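Novice: One letter stands for each residue in the lines below.
Protein chains: 2
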Amino acid sequence: MKIRLHHARVLTMEPNRPIFAGEVWVEDGRITHVKHVMDVKYAMEDDAGAEKAEADETGIWDQEIDCGGNLLLPGFKNAHTHSGMTFLRSMADDLPLQEWLNDRVFPLEAKLTGEDIYQLTKLAILEYLTSGITGIFDMYLDPAATARACRELGMRCVLVSGLNNFTSSLEKMEEEYRTWNPRCEDGGIVPGRRGANSLISYQLGVHAEYTCSRKLLEGVAALAHKLKAPVYLHLAETEKEVSECKERYGRTPAVFLDSLGLFDYGGGGYHCVHMTEADLEVFQKRGLYVITNPASNLKLASGIAPIAEFDRRGIPVAIGTDGPASNNCLDMFREMFLVTALSKLREGDASSMDAEKVLQMATVQGARAMGLEDCDVLAEGKRADLVLIDLHQPNMQPLHNIPKNLVYSGSKANVAMTMIDGKVLYRKGTFFVGEEPERIYENCQAIVRRLIPAS
Amino acid sequence: MKIRLHHARVLTMEPNRPIFAGEVWVEDGRITHVKHVMDVKYAMEDDAGAEKAEADETGIWDQEIDCGGNLLLPGFKNAHTHSGMTFLRSMADDLPLQEWLNDRVFPLEAKLTGEDIYQLTKLAILEYLTSGITGIFDMYLDPAATARACRELGMRCVLVSGLNNFTSSLEKMEEEYRTWNPRCEDGGIVPGRRGANSLISYQLGVHAEYTCSRKLLEGVAALAHKLKAPVYLHLAETEKEVSECKERYGRTPAVFLDSLGLFDYGGGGYHCVHMTEADLEVFQKRGLYVITNPASNLKLASGIAPIAEFDRRGIPVAIGTDGPASNNCLDMFREMFLVTALSKLREGDASSMDAEKVLQMATVQGARAMGLEDCDVLAEGKRADLVLIDLHQPNMQPLHNIPKNLVYSGSKANVAMTMIDGKVLYRKGTFFVGEEPERIYENCQAIVRRLIPAS
Numbered sequence: 000m001k002i003r004l005h006h007a008r009v010l011t012m013e014p015n016r017p018i019f020a021g022e023v024w025v026e027d028g029r030i031t032h033v034k035h036v037m038d039v040k041y042a043m044e045d046d047a048g049a050e051k052a053e054a055d056e057t058g059i060w061d062q063e064i065d066c067g068g069n070l071l072l073p074g075f076k077n078a079h080t081h082s083g084m085t086f087l088r089s090m091a092d093d094l095p096l097q098e099w100l101n102d103r104v105f106p107l108e109a110k111l112t113g114e115d116i117y118q119l120t121k122l123a124i125l126e127y128l129t130s131g132i133t134g135i136f137d138m139y140l141d142p143a144a145t146a147r148a149c150r151e152l153g154m155r156c157v158l159v160s161g162l163n164n165f166t167s168s169l170e171k172m173e174e175e176y177r178t179w180n181p182r183c184e185d186g187g188i189v190p191g192r193r194g195a196n197s198l199i200s201y202q203l204g205v206h207a208e209y210t211c212s213r214k215l216l217e218g219v220a221a222l223a224h225k226l227k228a229p230v231y232l233h234l235a236e237t238e239k240e241v242s243e244c245k246e247r248y249g250r251t252p253a254v255f256l257d258s259l260g261l262f263d264y265g266g267g268g269y270h271c272v273h274m275t276e277a278d279l280e281v282f283q284k285r286g287l288y289v290i291t292n293p294a295s296n297l298k299l300a301s302g303i304a305p306i307a308e309f310d311r312r313g314i315p316v317a318i319g320t321d322g323p324a325s326n327n328c329l330d331m332f333r334e335m336f337l338v339t340a341l342s343k344l345r346e347g348d349a350s351s352m353d354a355e356k357v358l359q360m361a362t363v364q365g366a367r368a369m370g371l372e373d374c375d376v377l378a379e380g381k382r383a384d385l386v387l388i389d390l391h392q393p394n395m396q397p398l399h400n401i402p403k404n405l406v407y408s409g410s411k412a413n414v415a416m417t418m419i420d421g422k423v424l425y426r427k428g429t430f431f432v433g434e435e436p437e438r439i440y441e442n443c444q445a446i447v448r449r450l451i452p453a454s
Numbered sequence: 000m001k002i003r004l005h006h007a008r009v010l011t012m013e014p015n016r017p018i019f020a021g022e023v024w025v026e027d028g029r030i031t032h033v034k035h036v037m038d039v040k041y042a043m044e045d046d047a048g049a050e051k052a053e054a055d056e057t058g059i060w061d062q063e064i065d066c067g068g069n070l071l072l073p074g075f076k077n078a079h080t081h082s083g084m085t086f087l088r089s090m091a092d093d094l095p096l097q098e099w100l101n102d103r104v105f106p107l108e109a110k111l112t113g114e115d116i117y118q119l120t121k122l123a124i125l126e127y128l129t130s131g132i133t134g135i136f137d138m139y140l141d142p143a144a145t146a147r148a149c150r151e152l153g154m155r156c157v158l159v160s161g162l163n164n165f166t167s168s169l170e171k172m173e174e175e176y177r178t179w180n181p182r183c184e185d186g187g188i189v190p191g192r193r194g195a196n197s198l199i200s201y202q203l204g205v206h207a208e209y210t211c212s213r214k215l216l217e218g219v220a221a222l223a224h225k226l227k228a229p230v231y232l233h234l235a236e237t238e239k240e241v242s243e244c245k246e247r248y249g250r251t252p253a254v255f256l257d258s259l260g261l262f263d264y265g266g267g268g269y270h271c272v273h274m275t276e277a278d279l280e281v282f283q284k285r286g287l288y289v290i291t292n293p294a295s296n297l298k299l300a301s302g303i304a305p306i307a308e309f310d311r312r313g314i315p316v317a318i319g320t321d322g323p324a325s326n327n328c329l330d331m332f333r334e335m336f337l338v339t340a341l342s343k344l345r346e347g348d349a350s351s352m353d354a355e356k357v358l359q360m361a362t363v364q365g366a367r368a369m370g371l372e373d374c375d376v377l378a379e380g381k382r383a384d385l386v387l388i389d390l391h392q393p394n395m396q397p398l399h400n401i402p403k404n405l406v407y408s409g410s411k412a413n414v415a416m417t418m419i420d421g422k423v424l425y426r427k428g429t430f431f432v433g434e435e436p437e438r439i440y441e442n443c444q445a446i447v448r449r450l451i452p453a454s
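Chains as they are written, first to last, in numbering that gives the first Met the number 0: chain B, 0 to 454; chain Y, 0 to 454.
Keep in mind the hints are simulated off the structure, nothing from the lab. Quick caveat: nothing in here was measured; it's all calculated off a predicted structure. Possibly wrong hints are sitting among the right ones.
Unchecked claim - Here are the simulated DSSO-like pairs of lysine-lysine, each with C-alpha atoms no more than 30 Å apart in a straight line: (1) B:Lys427 with Y:Lys34; (2) B:Lys225 with B:Lys214; (3) B:Lys227 with B:Lys245; (4) B:Lys284 with B:Lys214; (5) Y:Lys34 with Y:Lys381; (6) Y:Lys34 with Y:Lys422; (7) Y:Lys422 with B:Lys427; (8) B:Lys34 with B:Lys1; (9) Y:Lys427 with B:Lys422.
Assemble the whole structure, with the sequences as input and the hints as a guide.
Specialist: Next up, the structure:
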């Protein structure tokens, strides 16, 4: 399958490479050629410039896509989500956090089957595609069910364990790690070692410090050492979490977990809202990723993460939507705006966290945080996980500065095409995922009726 | 022109009226009939229920629109904007506030012609339509140019003066007031007294306390008394504004202006981020509207307005996007999410400001804040300013609670149709405004090239 994407503006997200008029060739899921046709200056060049980006080659393509002068860039990476929670969208809002968790989330989750999670994850995948998201870092109750939905619909997914005292086990986590990373050696997921067509990989993770015993966490650290693998978890999301950990162990979660050796092979924390100086030093020393979830942190009144401080210290940041019960939208445009806007508020400085940095977090750093180094930038040899942004809409005009337009005024309505692993899964409002959206909606509605008969 | 909108879920936004399956009839810009066909419970009824909403009447319609089971509600009211500032989108971001204003905004605005503002406003109108916005409260340099763009494209607009020491005059404001409110008597804009087909009305306003002399503000108060008219202005947007006013007059802006009699016939404040107890009492006593602009207040690092406090005191709140230089998106979905999410953060309470209240602000209270009482709810006799929300998209599923879906997970991509004054101006991604969007984009790009040759 050879695909030619031509008549595009191309933003590769490689360092210091400006947008140019060009085309991108794709074969068997990989980018085989990135063709620079001409430089463009946003305000000075219009589509006429891009029109010249015609290839010499004709007739050798299975599919030719005229990008209409629009913007091709690496797809967005949703670096923290719980896709199967779509059944709780708008069921558990406007409630205090403890009531939300104890009266809604936990009792309903206890009734979920693997088949439910498979169906509910498909609903989330449809939404990811509408937002240009080409990879997800998914923690949920049944990784096999999540993987099945992603494989069938074509979504790239890094599964991450949500190990805790109540569900799953160390043995199961190790087994899953080996199952989903078939070509890994003990030494983490080696880029390019995933099966050529494999959309699924797996990372070690625990739910959070406060849902795991010390013994379990020590076991996770031992497994991380054995596999030479990074570990991920919810970290410093709320003040309560931090203060309770300090009561328990005399240290903050990051410092305590690091003392167990949990982060000796890297990894990262989801949320990282309430961070101490010592926590920041752990992140710097271990090269950990912060995976920020700004909409969720607002909606659950958790706080604002110190993104500018991470940036000043060189701590890499990626962005996640969190699950649909705590956001409730699965939309990287909303999150990108919030990352910069909330940093400006927190710092009291309207120049904080410029749009270019945020776009880097949403694409390149997201991929690297998840262990998807072959999906980070738009370049030859990388997987063809791409999004096409419609610039011919009023919120993208005028074309002063396209990265700023994306971060400050972009929306799902600008996503003209989403391609994962060289396959067009969404284009101009239509899904190409092998199943009708209406059928997925009906299946999810049926699950809701069964789980919540009173609604 | 008789239009039948059928096979819809209808949310009238009247008090305590749940969504029902039904249809809406429109004639000559007004809603003539709202037909309740059957009750629907979100999770229990699907489109099959809505399918029954077929009218007995056939053949008498100029246009019949099958709403496909989707949601009809009153259009969103953007209660504070500066539409003509589209030329500054992505030209003035990530800068400290003073540099933003003094080095970018003011020098470039000084070069704008009325023709520029007319063209630039058209670009903003296109975006409003994509976000289901059917009315705007617009303060900018040349109200006549703004009005021309709105009339030509079909946007409902309440012009508001931005009177200050440097531009315009009291005499011009009075003349404009009488010009744009042809059927008003001295006593504010009387609902229904606008010309039957007039999309434009006008309110008295000043830019802000800090850009007006005391003498000018006294003149505005005298004019408000003469016309028995409300007055609107930027108010308590930044700490600096408040502290400088206290230095000047020994009082906060709201208290000082009220002491001049400026608010004796009502009105409202844009932003209202930094409010004292005394300010809140002025708002309560005078029945003033708060018009909140959460994205702008983040992006310019101004702060978070105390929306929950306004609500506890019964102070009505409406929502605005502010201008495209300070947001940069003209999107009510983003603003609605931010109103509730930032209130949750500020209050430290995830149950603060429920979605239903926010939806009320974005529709009914927006209309009333602007003096558009005949555009507030979806009911017989009201103007036909409507939006159709596509529920058949993944971010609107499952259908537990449609108002919560709108506020927490809605986006521009859900706007299936925008109707103003009984005219379909936007439907399924296509504009029906008498002019090609590409032409508007080109005209705006040309303005940018002239104003900012170096870009």
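Novice: Taking the earlier hints as the rules, which of them does this structure contradict?
Specialist: 1
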